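Build out the structure end to end from the sequences listed, making use of the hints.
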Amino acid sequence: MKLRSSLLVLLAAAALAATTACSPGSASGGGGDPKSFEFWSFSGIDQQHDVDIYQRNHPDIQVKLTEVGSTTETAQALATALAGGKVPDLVLIQGDDMPKFVQQPQNFLDLRERGADQMKGDYLDWVMEQATAQDGQIIGIPTDVGGMAVVYRTDLFAAAGLPTDRESVSKLWPTWDAFIETGKKYVAATGKPFVDNAPTSVFYQAVNQVSQKYYDDAGNLIYDKNPEVKAAFDTTLKALEAGISAKISFGADAWNAALPRGDFAVVSAPAWMLDQIRRAAPDTSGKWDVATIPGGAGNWGGSYLAVPARAQNPEAAWNYIKEMQSPQRQLEHFLDVGSLPTTPAVYNDPKLTGQADPFFSGAPTGQIYTQAVLGLKPFHMGPDTATIGSEFLNALTNVEQGSGNPATAWDDAVNNIRTAIGK
Amino acid sequence: MTATLSAKQVPSPGAPKRAGGWALPFRERIAPYAYIAPFFLIFGVFGLVPFLATFYIALFEWNPIGDQTFTGVDNFTRMLADPRFWNATSNTIRIWLLSTIPQLAIALVLAHVLNHARLRAAVFFRMAILVPFITSVAATAIVFAQMFDRDYGLLNWLLGLVGISSIDFVQSVWGSHLMIAVMVAWRWCGYNTLLYLAALQAVPRDVYEAAAIDGAGGWRQFRHITVPALRPIIIFTIVTSTIGGLQIFTEPLLVARTTNLTCGAVRQCQTLTLFLYEQGFGRYEFGYGSAIGVALFVMIILIAAVNYLLSSRIRGEGR
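So the protein sequences, as listed, match chains A and B.
Per this note's numbering, residue 263 is the first one in the first sequence, and the count goes up by one each step.
Per this note's numbering, residue 3 is the first one in the second sequence, and the count goes up by one each step.
Read the hints as simulated data drawn from the structure, not as lab findings.
Just so it is clear, the structure is predicted and the values come from calculations on it, not from any experiment.
Incorrect hints may appear among the rest.
Facing chain A, from chain B, some residues (calculated, C-beta under 7 Å) [to be verified]: (1) 63; (2) 66; (3) 148; (4) 173; (5) 176; (6) 259; (7) 267; (8) 268; (9) 286; (10) 299.
Think of the CB as a built atom: it goes at the ideal place given N, C-alpha and C, for glycine as much as any other residue.
Have a look at this one:
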């Protein structure tokens with residue numbers, strides 16, 4: 263008995279020690295070994311390509327690249343490491359995961375100290391804004407953006423009596439209301455749904471075409487009274503009421519199954535989604551084209567490179583960022599791998615505008631997508647931006663799937679947000 | 003380490019008092035503790051410490067990469083007022099009931115059939131029944147989610163053949179619960195069957211033969227021989243499937259992959275463990291997540307206690 267109780271006391275003490283030791287370390291990294299650094303990336307974005315180029319140019323430097331897993335898994339691994347483990351020197355963070363880290367900037371190196379202040383003019387202002395903390399600390403340098411366009415099936419449009427060339431199609435929908443009207447015409451002519459789903463193809467796009475989103479510029483929550491958000495929400499409800507949606511969420515197995523069958527004719531697609539369409543429906547090559555997004559601007563996705571404060575070799579990591587994320591390198595990365603540059607200086611480069619994609623009827627994707635990201639304005643993002651966004655999406659998905667009441671959907675969403683974030 | 007150190011100071015208390023016990027060399031005296039130390043060390047690191055830490059963290063507003071503020075029982079009062087917590091609780095209990103009861107009933111019948119003397123290729127069937135159990139949970143969830151799909155699923159295709167319009171299983175509350183329950187039952191049924199079968203092997207064959215001679219049919223044999231013989235093992239499987247059933251996680255995480263942390267747009271199949279995970283690792287609210295963990299622990303203890311009381315009663319009747 264005595265043995266057991268003394269053991270318990272010891273273990274309890276160990277538990278307390280372990281948990282209190284978990285608070286994030288504050289010591290900022292020193293110079294370390296400038297000849298090597300550890301780099302965590304997520305998979306599917308081909309950072310290996312950049313690393314290979316860097317190693318070729320700097321044979322003396324050793325880059326240890328680890329593909330941790332999906333974007334979320336990488337962010338979770340980073341959070342765990344920051345909370346009390348061995349951190350990498352350089353880490354790639356997906357845009358959706360950024361706010362949680364930007365809220366806790368003490369975990370990261372302030373890149374202003376390394377000269378990010380001079381560089382930040384090279385990148386889109388609203389992209390930089392999302393990597394900038396309240397006190398002005400810059401925690402990440404953007405590597406790519408998603409952009410936004412509408413991808414549509416030319417053969418299905420022709421069958422519905424709609425124009426098929428991308429200029430005329432873009433003119434069909436200068437606004438979301440016009441987009442919904444076009445959808446109605448398509449449904450009337452074919453009897454088939456028009457768009458894959460309204461929550462991501464309409465709401466998620468419209469709600470980013472605003473001057474303020476869920477927070478005002480001072481960082482106060484305005485999600486429940488911002489007329490711009492309400493308008494985006496109501497537009498989506500209108501699209502649902504019009505019956506133009508196939509009600510298939512992006513990311514579901516059904517989405518991939520529907521593509522080759524032509525069970526919907528349009529989808530709001532960021533640049534990175536083009537490859538998924540290509541792979542899901544290889545037999546439809548040449549039957550797709552790319553038009554501009556209603557409202558003219560949009561983005562979905564994009565990533566940042568950041569250096570943890572406790573990094574062993576911050577110098578080597580920073581040198582890598584500085585060299586590999588220059589406008590010229592981002593252009594080359596686009597030409598090789600396809601992710602969209604975040605540096606407007608190269609948006610008019612003939613190499614970018616001249617890129618044509620045969621799968622999408624020769625559409626100049628580089629040109630269309632970069633125009634979409636130029637139209638966005640910076641807005642303030644807060645700690646709960648992601649949660650608020652997903653609660654709004656869920657409320658709309660619930661209406662779309664037939665269980666939610668459109669008349670109360672807005673109030674339901676606001677109530678759910680209040681429960682989730684407590685304010 | 004702790005175990006061996008403590009063992010030095012404490013004169014092995016549980017050991018029977020034998021003459022000459024102290025005369026053993028030191029190394030031999032600590033040997034038993036050294037042998038069991040690995041288990042207790044690993045249990046301490048991966049079991050006890052996180053377990054105790056959960057209770058401690060639940061008293062804080064705890065951001066793993068930010069501030070940790072002591073808030074007392076705030077997390078618990080918030081949890082009791084949180085409709086999402088009660089939603090997850092009722093989802094968990096309903097999925098548990100929906101999966102456990104049919105699963106154990108089917109397992110019982112299957113075990114009875116597999117134990118039949120005249121069954122041909124018995125070894126094959128007994129092996130085959132365990133195949134779902136060795137299939138990965140993730141693979142199971144993905145395949146079942148495809149089968150239950152609204153537009154392209156096998157099940158809705160079959161329903162369509164007999165003129166029933168498509169059912170959106172994932173989106174509806176009962177549909178999603180049913181779907182998860184089917185997955186859980188499919189996976190664990192074979193395992194429970196095997197446990198029952200092992201217990202049945204101990205029942206002398208002549209009991210069945212005598213009953214058959216006396217004119218008892220299959221049902222009466224099942225009712226009056228199989229079930230009473232299996233009483234202790236039935237209680238064991240009820241307890242284990244209760245503990246497992248209250249911790250269902252992977253299936254709800256994977257069936258609604260576009261809204262995976264909530265298992266659907268209105269949390270229609272979000273279980274307690276998934277809610278815990280959403281709060282802890284989706285929103286980095288470790289304190290709130292830990293409070294949910296503590297609540298789950300209390301629930302399991304309560305249900306286990308009820309189980310124990312009920313089962314000791316059944317055992318009493320059985321005698």
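Hints versus structure:
no. : hint : verdict
1   : 63   : 10 Å, violated
2   : 66   : 4 Å, holds
3   : 148  : 6 Å, holds
4   : 173  : 4 Å, holds
5   : 176  : 12 Å, violated
6   : 259  : 6 Å, holds
7   : 267  : 4 Å, holds
8   : 268  : 5 Å, holds
9   : 286  : 6 Å, holds
10  : 299  : 15 Å, violated
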